[in-house]
Each structure stands twice: as structure tokens, then as C-alpha cells.
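Enquirer: Chains U and Y supply the protein sequences, listed in that same order. Using my numbering, you'd call the opening residue of the first sequence number 32 and step up by one each time. Using my numbering, you'd call the opening residue of the second sequence number 11 and step up by one each time.
Hints listed in this document are in silico derivations from the structure and should not be mistaken for laboratory results. Quick caveat, the model's predicted, so the values are computed rather than measured. Be a bit skeptical, because a hint or two may be false.
For the chain Y half of the interface with chain U, some residues (derived, Cβ under 7 Å), not all of them [to be verified]: (1) ARG31; (2) PRO114; (3) GLY115; (4) GLU116; (5) ARG118; (6) ARG179; (7) LYS338.
A few chain U positions that, by computed beta-carbon distances, are all more than 12 Å from chain Y [claimed, not checked]: (8) VAL287; (9) SER345; (10) ALA570.
Glycine included, every Cβ here is placed at the ideal spot set by N, Cα and C.
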Amino acid sequence: MAPTAGGQGSGARLRSDGLEGQAGSGSRAGSGSRAASSAPAESGSAAEVGQTSSRVSFQTEPARYRHWRLAIEPPVATLAMDVAEDGGLDAGYELKLNSYDLGVDIELYDAVQRLRLEHPEVRTVVITSAKEKVFSAGANIRMLATSAHATKVNFCKFTNETRNGIEDATANSGQTYIAAVNGTASGGGYELALACQHIMLIDDRSAVVSLPELPLLGVLPGTGGLTRVTDKRQVRRDLADYFATRAEGIGGARAVAWRLVDEAVPRSEWDQSVAARAQEFAARSPRPPDGRGIQLTALDKSRSGDSIGYRHVSARLDHAAGEVSITVRGPRQDAPADVRALYHEGDAFWPLAVTRELDDLILDLRTNELELGTWVMRTEGDSQRVLAYDRLLLAGAGDWLVNEIILYLKRTLKRLDVTSRSLIALIEPGSCYAGSLLELALAADRSYMLAGQFEDSEPRAEAAAIVVGDMNLGPLPMGNGLTRLHARYLGDPDALDRVCKQVGDLLLAEDAERLGLITFAPDDIDWEDEVRIAVEERASFSADALTGMEANYRFSGPETMETKIFGRLAAWQNWIFARPNAAGPDGALRRYGTGQRARFDRKRV
Amino acid sequence: MPVAADYGEKIPNNVRLHEDRRLQRALEAWQPNFLSWWDAMGPALPTRDVYLRTAVNVGREGWAQFAHVPMRDYRWGIFLAERDQDRVVAFGEHKGEPAWDKVPGEYRADLQRLIVIQGDTEPASVEQQRNLGATAPSLYDLRNLFQVNVEEGRHLWAMVYLLQAYFGRDGRAEADQLLRRSSGSLESPRILGAFNEETPDWLSFYMFTYFTDRDGKYQLGTLKESAFDPLSRTCEFMLKEEAHHMMVGTTGIDRVVERTAQLMAEHDTDEVVGHGAIPLKVIQKYLNFHYSVSLDLFGGETSTNVANYYTAGLKGRWMEERRRDDHKLTDDSIMVDALTEEGEIGQAEVAALIGLNTDLRREYIEDCQSGVSRWNKILESAGLPQRLKLPHVAFNRKVGAFARIEASPDGEQLSAEQWQHRKGDWLPTDVDKTYIRSLMQPVYERGKIAAWIAPPRHGINGQPFDYEYVHLT
């Protein structure tokens, strides 16, 4: 998370027109991102109804952006942040100084996605500000101070995922992000720059970068800030310590010397230098000069209080039980003959379509359905077709679009991994947990696979089977850098070997259980009760403890920058968020901008 | 796979066993194991057949059918009391909601644990008593022992049924473990300590059926109140059989006391050893021992587990529905036994929910007192001034508030030295036990009985005392 004193880093001048003004005045129409609910809020007490009466939607498109300007001049795209002060998701705060809330970040995510899938011609993306003197003041403080804990946590998770996606584009798509920091970047603003491969800071004797969260707000720069300063930019830890306690930030040559930025560029040379740097990075990109992008059309989505439907994915919401039943359907048609035919299908191409739908579903449920704590996942369809699509993707992995689709699936599965819900996969006859879709079962905290048949099924129905495919052996790693299979058999390479030898085989429940690919294999007689009791029992436990346990077990093995951000940094941040020193009535986050000093409990814990 | 009808025949039941595939399968695997357990751990004395009561249904007609049957062929049935469709939960936070006919996932672990603990005691007592047949004082008593044994076996079935029918794979595994643990085993003993002591003689057997089985009665009584309806109905029927076990204990002690009193009055002496009977002082010592050990079975004076069970609706109070309070107890309190700050025997006030063990133990104590009064009437009718009595609640306790102190049967606090010095006056000594063992000579001749016990007033099912209740091989 990246709460930032809006404009704090740029000194007293900005402070005066910044934070005090962030208290919103009156109601405003929300941005396009918040849709009116079509049904009354089902969950929660009456007191919460007011807050949940509308749902956040993650679907948007450039024509509807309120906070960003996207300009494409191949091979360079410029994404200029221009936050509408009155465009917050909720009334009650104003988004001054390019401070942001979830609505702003939803647009950023959309832009990043479209640049990757729709614009092969874009090889460098320049993130900059359309405002004078300020790059970005980070997450809006008033928004944070007035948000419920869960809202803050969800917001931070999503912003983290988007920034990881930016790094993924740079690393794997030949689409390099450059931060053209043309004014002060504080807190989350600087963290956004940190997600870019190259940081240029305008050297006008006033612009600085800063992480003022700790001194001003009593919280952490939690959108990867602390992690990236040391692990990515390799700023020396004692200097990083000084930097993160110094509210006024650091600019110019010192920022370069400490590796906080890559270069400081005089005003007079700014535009020219940014353009030159963008061209240099573009020249190194493997993206095809003549590639043809596809268009991401609006998702065909229906949403009510108790169901969410897309073409390939649907969900039933059971508020009484605190449970969502998610069904992911396999392809209805055979895979296209070759990559060329894939372009023809565009965003209707099944792997892309199902990934987009799953992505949107995860975000919708995660943000709007906090009390649905258990996601029960099923698949439906033809395993062989799923595997045929997988083969097409793997064979065409040299193609930029195929590459993007695999990477998108990878990111979406990672989103599932960091979702604070209990994930249970049910593997029943007629399911298609094969290859890429098997990842859903591997991502689950537990899986149940029916041994044999349901008694009332057709006599010739085939028993449930799963198939390990090449898609499970490398292209879809988790945040810890391991495949889900590898993480599953950590410390037991023989078990992993045995599974790898079965690639392509239909594995019935008995085999799957023996190989350790599933948790339990009840038969027809036990199935209903075993599953019901597991889900009901889950629902009775402390939601917080479950989240903690799941997050620990899901990421066995090595640490990466990503696991540190979602594990160490986010966990500390979420702890701090819940502590009185930040969130109490006298805490720094709540007191900020009131003119009163925070009062701290001085006890170290 | 055997046809379903077979099971209805072999296993009398009122749970629609022939329609329940899951249960059939589970019992197929379980029944052979049960029989080998019975062969290995059941009564050691070889018999041809025994005049046994078999329940073939829960109604007035069905629950007590008498015939001579080989024990191995006893038809261990599965019976639940009749279902009340409108039953609602009587207590706790689910009070007033419909009773549950399935296990709620939220309470799976707790319910399973309660059933396993209850179930574990049933085969345990069979194991503890397996050698008693060798020293039975009469065929009548031998038959009563075997009746208790087969019914404890049936109670095991009842608990196993619940585990198999409602708890899925975990339940089946637990059902299996019930047969794999065994009383007194080093490797895998029974769960509760008191059920790992062998029942060495018939005086102990009567005391056990009076005092320890009575603990079982009270535990079943609390489970009968459970919101989980199948458990409630199972326990309700078990209570009926349990009542008969306690009659074995009650009348057994009656007859021991009667015989002793008769000899004391006849010979005008306290010294009945010379006449082959059991001195009143020794009876009192056995009573002291079994009573105090059974008090421990109720657990500590306070328990948060039991409070949780109550609030969740898993386990109620004795006669819950006759209590006149809010059945939630969130605002009530209770005085429980405790050591005062000075370390003296006293009481302390705690939240009523926390003190539920004490509540149940008090019900039990009151019930025990009625037996003592009954035996004292026998002494009184014999014109004797001596009386039996229940020792103080702090006497010889290993669990709860008084576990750390020593006290006399009158509740006088003692130092460790005083206790060591005097405990032989109150608990059976090696000399006492050796004497009792010396009396334990079998009497298998019909119509005859050992010298240390009086014959019963009535036989079984209207049969005379000299009926051939057991055919030995």
C-alpha cells in the first residue's frame, strides 16, 4: 500500500493547497467505476448496507478514463496521470495532487492490460504526470483514513498486483516501463515509479522522490516501496532507512547517487531526454514491428445479488452459507488449427476469454463480497480440448500474442494465489481439470475428487479424471518462482518426477490421490457429506486466522520480491493498519491534516 | 456383496439399514472386526448359551425379548428412540431452532470427539470385566454380567452407528480405533484412565456398575439433550438399558449388605470373616474408592469445553427441559467446590456456563445417596446401628480442585503424612483385597450361591433363582 501525504514531499507550498483540501465537500457522482447495485446488499448488518449498496466494477476502457491520458506514438505509449479531483470512488475525499484511490488504479490496470494485448507496436511505456510540479502524491490519505480495514487491504493488494504486472510487462513482454517523474513523487507516487524499469527525475531544484508514510502517517510505504528500494534498486539499507524516515524526500544528484532514481534531468532537456530514453528501450524490444493487436471488447457479464455470469465462467453466491460456487467451463469448440486462426478469434479465443472472465470474477468477489469466505471451484467440459488449446499456446509461444495470453493466465492464477478466501476444488465427472485448468485445483487449499460415479448418473458416464500437462510444468509459475506442482512437492523431487512422467495421462481419483495431486477422493456415498462438512466447518473458523494460514501454506519455498511484498510487507502493513498508532482516534493516519499531533503508544511490540 | 435384507436380519434396527448404502458398506467392514474383538476381548469363560434379553425394537414389546442365545450370535442391534419431528433445540445459542438431523460442519470436530469418548467407555468395561466369569457367585449373577457385557457391546454399536452414518471417512476411522484401543493396553489404552483398571472381583463389579456406570448414565443424559437429533435419540434408548445395568449394581450391593447384616445380627458380631462374608467396613472402603474415582470422571469443577458444548447445543444439562431458567445461562452463576485462598476446602462463585461439570456432579451425588439410603434400610431392618455413607467430595480426588489436597471421608483436611498413615482405614488395603479375592470361588450349580452374598428376591423375566440361566460348555 502506498499511502502518501499528498504533496507532502514537495514542501510547504503544496501542503497548503493539498491535504486540508482533501476533505470532500458534499456528494459527487462517482466515477464510472462504481456501478449502482441492481439488487439490495444481501450481506452484513444494516449498518453496513449503506457502504455496500453499490459495487465496484473493474471494467472500463480508455474512452471512459477520468484519471489517465493514454497517447500512443509507436513504439512509445505515454500514460499521463491526470487525476480528476472530484472523481473519487466515494464522496468524502478529493483526489488532489494526483493522489489516487481504487478507481484511479482500476484505470491504470486497464491501460496496462490493453497496452500488452492490443498494442504490439508499443515497446516502451512512459508513465508521467499531466499535472504541473507533481508526479503523484500517492494513495489519498483521507480515503485511507476513512476506509474500513478490509477496504485498505483490498486496495493495497490490487495496486500491488497492477505494479507487479507492470514489471511483468517489462520483463517478459518487451514492453518496458519508464517513469518520467516530472514533479514530486511521494509515497505511492514514488512506488509507482519504482515499478518501472527506469526512473527519470526532473532536476528543477524542487522535485523530489520520497517515502513519507512512516514519519507523517505512521504506516509503511506498502505498495512494494520498502521491498523495491532495497531488493530491486539495491539502495543501501542504512540510506534506505534514512530516506524512508525523511518526510521531505530526496532529489537531484543525491537521489541518483543513492540509486533512488536512475537519472536526474534538467528541465530544459526533459522532453528530449525522455523521448530518447523511450526510443532506446524500444530498440531492445523483441516485440514484432508489424504485429497486429486484438481488441479487448467489453465482457459479456451479468451480475445480480446472488449470481455472476460470463460466457465461460459463472458463480453462484450463497450469502447464508458464506460460499461462492464457481464454475469454469472448458472450450466449446476445438482449438483453432494454428496461431493465425487464433488472431481471427480475437478476444473470443477461449484461453483469453476465460482468463479475462476469471480475472474479473476474482476482482469482483474480492472487492464486493467480503463475507463470502469460501470459493468452491468446479470445471465443466472436455479435458482433451483444454489440452489442445494448451498445445496450441505452447507451440506458438514465440508469437507475441500467444506469449501475452500465457502471461495473462499466469498473472490471473497468481491473483487467485493471493486471494484471502478459502479455495476448494471439486473434481467431479464431466470436469476438465487438465493442463492450464488443473492449475485451479493446484491453487486450491484443498481438493476433493469423486472416486467412481455418482450413483444417479448415466451408466456410461466416465469417472472424473485429471490430466497433468506441459502447462503445469513451467509457464505458469507462482509468485515464489516455482510451479504449483513444484511447490506442492517441495522437498520430494521423486514425487514430482512421478507426476511429470504421467503427463498427458488421464488420472482417475485413485491415481490422483496416490500421486498426491488431490487431497481426498471420497466416493459417491461419502461425497456430499464430506464436502458439505468441509465447507461448513471452514465457514465456522476465524476468517483472519484462515487467511493467515492459507497465505503461509500457499507459498512454500523460496522468497522473491513478490512473495516479500505480499507476505512480509503486506502483513506488517496490515498489522500496522489495525493498530491504534495508525488507525486509532489519536493515530497518525487519522490525525493527519487535522492540525493535531498524533499520540503514540510508545511500547515496542 | 450380501443382500441388504441380510442386515435387517442380522442387525435388528430401526434406522432403515436396508436402505442405507453407506451404512451397509461401513458395517460390512466393521462387523467382522467387532466379532473378532468380542472373541479376543469379550468374556473369557466359555459358554454354550446365556439367557439374554435382546432388543429387537424400541417399543414396549420389542425391547426385551428373552431367550437362550450363544453370546457370539447375540443380535447387536441399532436403535434410536422414536423421532419427534417437531423437536427443537432446548438450550444454548441455538435454543428454539429445529433440532439437527445432520452434523453441522461447524461442530463436526466437537461432536465427533464427544461420541468417540462416550463410545470408548463401552467396550472398555467389557474388557475390564472379561475374567469375572471365572468367579461368579451364581449362574444368576453370571447371566447378569453377560447381559451387561452384551449391552455395552450394543452401546458401542450405537456410537459406531453415529460415527459411520454421520461423520464420513473420519468417522469410519474413529469407529475402527474404538476396536483397536483396549483397556489396560500399554500401546493403545482406553481414553479415560478409570477404564484401564481391571475389575478384579465381584464386589468391585457391583460397585462399578453402581457408581461408574452411573457416571455413564449422567453423561448419556446430557447427550440425550443434544441438538444433534440422532445422538439424542440414540442416548435416550441407551439410557433405558443403562438403568438395568445399574439395577445389577444396586441389587448386587443390596445382597452383599443383606448377607453381612444377616450374619452380624445372627451372631451378634461385626466380625463376619469367619462366616465367609464381607465385613461392613470393607464394603464401606470399596464404596469410598469407587465413589471417589467416579467423581473424578466428571472432570474439573469448571470447564470451558463443556461451556462451549452447552452454548453450541451439543451437550445439555441433566433433565434440561425440566430446569426453570433461560437455558442459556449467560448471566447466571454457580458456587463450585474450590480451595479457598488459605488452601481450605470451600466454594467459589463462577459463571454458570463454566460450572456445568459441577452441576452434573451434584445431580450424580444426589442419585448415589439414594443407593446408600437403600442399603442403610437393610441394616436398619436387621436391627443394626451401623450405617454406610458417601465420603466427602474432597476425599481421594485426583481431578479437580481437591486433587492437590488430602481429606478424610468426613471432609477433614489432612497432611500428606496423616493421609499415608490413615488411608488404609478408608480405602481397600492389600489385606482387604486379598481377602475379597479369596472369597471369589465360582458357583456354577443351579440354585446355589456363594456364602458372601444373599440370593436375589426375584429371578430374571419371572424365572426362579434356580433357573439354568447359563449353559457352560
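Enquirer: So, for every hint listed, does it hold in this structure?
Expert: Cross-check of the supplied hints:
1. ARG31: It holds, given that the least Cβ distance between ARG31 of chain Y and chain U is near 6 Å, below 7 Å.
2. PRO114: holds, 6 Å
3. GLY115: holds, 2 Å
4. GLU116: Holds - the Cβ of GLU116 of chain Y comes within 7 Å of chain U, reaching about 3 Å at its closest.
5. ARG118: Nearest chain U Cβ about 5 Å off; hint holds.
6. ARG179: holds, 6 Å
7. LYS338: At about 20 Å, which exceeds the 7 Å cut-off, the nearest Cβ of chain U leaves the hint on LYS338 of chain Y violated.
8. VAL287: The claim holds: VAL287 of chain U sits with its nearest Cβ about 59 Å from chain Y, beyond 12 Å.
9. SER345: It holds; SER345 of chain U is separated from chain Y by about 24 Å at its closest Cβ, greater than 12 Å.
10. ALA570: violated, 7 Å
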